[in-house]
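Everything in the sequence shown is counted per the numbering used here, starting at 4 for the first residue and increasing by one.
Rather than coming from a laboratory, the hints here were simulated on the basis of the structure.
Please note: incorrect hints may appear among the correct ones.
Across the chosen pairs, the derived CB separations fall in these ranges [claimed, not checked]: (1) G66 - E98: 29 to 39 Å; (2) R105 - P53: 17 to 27 Å; (3) V141 - E78: 22 to 32 Å.
Heads up, the beta-carbon is just placed ideally off N, CA and C, and yes, glycines get one too.
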Amino acid sequence: MTPQVLVSVRLKASPARAFEIFTRDVALWWTPNALFRFTPRSPGTLAFEPHEGGRFTETLANGTVFEIGRIRVWEPGERLVFGSGQETEVEVTFETVGAETRVTVVHRGWDSVPDEHVARHGFPNAIFLRRHGEWWQVLLARLREHGP
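Given the sequences, and given the hints that come with them, work out the whole structure.
Structure follows, in structure tokens:
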């Protein structure tokens with residue numbers, strides 16, 4: 004099985020609104036993590052360019068824009084797929100569950116990141132994936148707090 008992180012949360016919002024909160028409001032709920040920074044000078048302000056082929060970026064305080072990845076799938080209210088760094092991919096789905104929306108994040112591609120890569124911080128694979136999953140749990144809790 005390919006190593007991946009899978010985390011989900013329920014929001015009291017429609018799938019369209021949950022997608023909007025996840026994408027348009029990313030700078031409001033995404034908190035920096037000292038272990039998993041996109042640039043050495045983080046934190047900056049995150050943003051998605053709202054279309055397939057658009058960029059997921061971090062803009063630093065000095066105005067420098069760093070491209071984190073490209074948006075591979077942009078289906079408002081349903082699905083978002085974007086690159087995260089050069090090696091990994093994040094897929095986010097938005098599914099109606101009663102009066103709520105389940106937002107599920109699958110962060111995959113870790114098997115393509117060498118064990119000695121700086122992003123792994125020297126952690127064995129199982130510990131690295133657990134830490135990364137814990138960070139996504141924090142992010143999705145913040146997403147829920149920011150919600151409607």
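Right, here's what the structure says about each hint:
1. For G66 and E98, the hinted distance range of 29 to 39 Å is satisfied, since their beta carbons lie about 38 Å from each other.
2. Checked against the given bound of 17 to 27 Å, the beta carbons of R105 and P53, roughly 22 Å apart, stay inside it.
3. Distance hint check for V141 and E78: the Cβ-Cβ separation is about 26 Å, which falls inside the suggested range of 22 to 32 Å.
Figure legend: structure checked against the earlier numbered hints; every hint is met.
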